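Okay, here's what each chain looks like letter by letter:
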Amino acid sequence: MEKRELTCIQCPLSCRITVSGEGDQLKFTGNQCKQGIEYARQEVTNPTRTLTTTVATAFPDFPVLPVRTAGEVPLGKIFEIMKVIRAVQVEQRLKPGEVILENLAGTGTALIATADMCEGVNATAVKL
Amino acid sequence: MAAAAAAAEHGAEVLLVDRESRPGGILKQCIHDGFGVIRYEEKLTGPEYAYRDFEAVRAAGLKVLNNTFVLDLKKSEDSFSLLLQNPDQGAFQVSATALVAATGCRERTSRQVFIHGDRPAGIFSAGTAQNLINLHGYLPGRRVAVLGSGDIGMIMARRLALEGAEVVGVYEIKSEPSGLTRNQVQCLEDYNIPLHLNTTVTKVHGTKRVTGISVAAVGADLKPLAGSETFVSCDTLLLSVGLIPENDILEPLGPEFDAKTGGPVVDQRMMTSVPGLFSCGNATHVNDMVDYVSESGFIAGKSAAGYVQGGGKRGSLKVNAGKNLLYVVPQRLITGEEAVIYFRSAKTMDRVTLVAQAAGKELFREKYLKIRPPEMQKIVLQPLPPEVESVEISLGEAT
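Note that the protein sequences, when read in sequence, are chains Z and G.
As numbered in the working numbering, residues 7 to 134 make up the first sequence, in order.
As numbered in the working numbering, residues 22 to 420 make up the second sequence, in order.
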């Protein structure tokens, strides 16, 4: 592996960590604590992220629904997952946590709603 | 919602007035995660965080007026009179003993950063682009440049990249990003979006639609360097150039303002200089964590309920932002009561000590390995003895 420079985001120190070496012989320099090594190892071997985006819906008053992956997914698969999400349209009014798709692009992770599509529909003001 | 729930919990009769049709304010369009890390020890998205608060509002059976604007505010001897308007009831009056202004903040506009000249389509504040994409499903452009490296700007750079737009670069006039490091890594580096420091936009090209921008390196005085100007082709320019507390509505009441925060001066109960008027969240000062926004809301709501029940104490002791501090909130204190104090450093510093002093006596001390202006800090100050007249908080070399 070529040398890689990373900024650790585990604490406000933001150490610049340089990673070199191969396989289980990775070398870390620049970190000021053990958390930095764990962070850098994960980032160079299998970086993962929670993907947040929106999906189209069938409802004109709520045209797109905010969603996220239920867990973290490989960073390298994000655009593949976006392709899957773009092909979907939500046909029911959902609440946060409800599942839209299972096993996104073979990751084993589900896509869930994060917003409440029911609240505020035909909202009428309370009489005082 | 935090203030309303807290006020109700402490025995007040509460009315929550919101100009939008759905609860949650700006959180509705902040679909990225990272909300609630302190309060719930979870990384929630904005809508999920807002949903939890609205569930609490619903469970408490609070009266909520949506689609409702506050047209005017007046204060008489012991109550506020509000002129409200909504589509169902027209214009009508409501009176209240205490008022909590949780009106948030707004974005600095292109005119405020001196982008003058033609007004081609394609110049958006980062928050407007966020609203269009995340709530309406419209992509504001295909080839996008971002001026300013605030958190929303970096988050929108990632959002646009995910939706298939090309983000040509983020341009920051200062020598370091103005947003959080996490966003620099996960929004820009993850998507190979270039960040140009010490660089600014000097001109927007295009008449009907943006066709490009001129960018230039800046010197130590932040002025563009002659001869460094280059043309960057793009159809959209996003501005992420700072936020300002939104308090225009309070003007008729005339609370004292703090020029450093842009919000009203408050004490640790979040009461302003106008008795019975409370402020919280981004309306008091711009926060970087929603957890602190809610925390100040809880304090304001609880205090407003206490005020209604006759606990009308007001802070008069001054808290001064001393050496190396950008600001402190609250700016006033009531003696004999614990106080949550928020502050920002004026610059990035390594290995510093924060010291709170009153009349030469040290009240509080805390060490920081690194402190940056974008990362707001919080301390808790123990109750002060009644003879204290002012407190000075400052940052200095670690000792």
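A couple of the hints might just be wrong.
Among chain Z residues calculated to face chain G with C-beta under 7 Å, some are [said to hold, decoys possible]:
| # | residue |
| --- | --- |
| 1 | Gln16 |
| 2 | Leu19 |
| 3 | Arg74 |
If you're looking for bench data, these hints aren't it; they were derived computationally from the structure.
Quick caveat, the model's predicted, so the values are computed rather than measured.
Even glycine gets a Cβ: it sits at the ideal position worked out from N, Cα and C.
Non-conforming hints, listed in increasing numerical order:
1
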